[in-house]
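K.L.:
Now for the letters of each chain:
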Amino acid sequence: MCRQPAVIDIRRHNAGFCGEHFLRLCRDQVTKAIEEFSMIGPGERVLVAVSGGKDSLAAWDLLSSLGYEADGLYLGLGIGDYSDTSGDHARRFAASRDLRLIEVDLRERYGFDIPTGSRAARRVPCSACGLAKRHVFDRVAVEGGYDVVATGHNLDDEAAVLFGNVLRWQVDYLARQLPVLPERDGFPRKVKPLVRLTEREMAAYCVLRGIDYIVEECPMSAGNKHLGYKEALNAIEQQSPGSKHDFYFGFLARASERFRAGIEADQAALRPCSACGAPTVTEVCAFCRLVERVTGERAGGSVPVELSAGSGVRPS
Amino acid sequence: MKVRLRNPDRELDVAGPLSVQHLLARLDINRESVLVIRGDTLVTSDVVLQDDDVIEIRPVISGGAF
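Read top to bottom, the protein sequences are chains A and B. Take 144 as the starting number for the first sequence in our numbering and just add one per residue. Take 38 as the starting number for the second sequence in our numbering and just add one per residue.
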């Protein structure tokens, strides 16, 4: 029986945890997720998608402290002060842990930022941002020889996306909503090591580990419908602790397999983008079409990266 | 007690003593959506806050404000 004062009560576990035992719980849950879903093999190199927020920095810290060879990748989105501040958090974290942070600036590399890009392409900002992140993370991982890309998606993120996909019966999205997306030709494996932990737990992890993350939200996320889904799920969770976990993991155990039939057909149709070479089902991939629409020029070539922190930097 | 709320930042004066659970209920905040920090220490729902405490209620939902 632990005699230290509790710092967090987690109702779905019906327990309070002292700082030391809570940090151990987080590490155990990440280890369990990695093993249960075969996320990362021995000796594999991990590229962590880092935003400067609580989840990505916690994921990087957890993977590093568990002994994985994990570098970070920060994508400069050009969203004013928000991007400047989030980049500073990512750089300070990397420097404090002597970790390697790779940086790519969207404006410098592709000639647009998210505010101008989303306006010009008539996409909502979160859509343009997600598209750019997926493209750059895949590209840097493949060119850098990484085996796997890890993101900071937590249980709340996955439950909220599942909720939205079920509300509209987005069958294609349901087929892909898994903690691991296997590698395919030109795509690295994608993993979500935080799926067994909530975002409240990730924020608490950062506080207890002294991780200085950006608390402010992206100014372009206002009106993001996933926020509403999260609030709805938290209202249910407050009445019935464990609901978010049961919803998401029940889907994985009992329903996700039923939606996978369409994935094989999509995979068979993949071919290299004629502009950048990334795998796509159309002649030109969605990212290159976005770049062309915004700048009038086609993207292509490799992604130059900048190494910004950590004395353990290795040549790429 | 001084209560600092984030996103957007604002500050409230609330009379103590008051448990964390009751403070959140009074402010109509779902405990699943926030951390409560006294000074620089996380506190649980049953902790009783006093008049001279300085409290931060920090949202944890990514994607907007509460």
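Simulated from the structure, these hints should not be mistaken for lab results. Being a predicted model, the structure only gives us computed values, none of them experimental. Hints are not guaranteed to be accurate.
[As the list claims (entries may be wrong)] Far from chain B by the CB rule (all over 10 Å, computed), these chain A residues:
id, residue
1, Y225
2, E246
3, G287
4, W312
5, P415
6, V424
[To be verified] For each label pair, taking beta carbons as the anchor points, the in silico distance ranges come out as:
id, chain 1, residue 1, chain 2, residue 2, range
7, A, Q410, B, A62, 49 to 55 Å
8, B, L49, A, T228, 24 to 30 Å
9, A, D328, B, A62, 51 to 57 Å
10, A, G186, B, L49, 50 to 56 Å
The C-beta atom is built at its ideal place from N, Cα and C for all residues, glycine as well.
K.L.:
All hints, please: hold or fail.
P.N.:
Evaluation of the provided hints:
1. Y225: holds (12 Å)
2. E246: For E246 of chain A, whose nearest Cβ neighbour in chain B is about 21 Å away, the distance exceeds 10 Å, so it holds.
3. G287: Given that every Cβ of chain B is farther than 10 Å from that of G287 of chain A, nearest at about 27 Å, it holds.
4. W312: Since the minimum Cβ distance to chain B is about 22 Å, W312 of chain A lies beyond 10 Å and the statement holds.
5. P415: Consistent with the label, P415 of chain A stays out of reach of chain B, its closest Cβ about 34 Å off (over 10 Å).
6. V424: Given that every Cβ of chain B is farther than 10 Å from that of V424 of chain A, nearest at about 29 Å, it holds.
7. A:Q410 <-> B:A62: 49 to 55 Å: holds (50 Å)
8. B:L49 <-> A:T228: 24 to 30 Å: holds (25 Å)
9. A:D328 <-> B:A62: 51 to 57 Å: Taking Cβ atoms as reference, D328 of chain A and A62 of chain B lie about 54 Å apart, which means the hint holds.
10. A:G186 <-> B:L49: 50 to 56 Å: holds (52 Å)
Hint violations for this structure: none, all hints satisfied.
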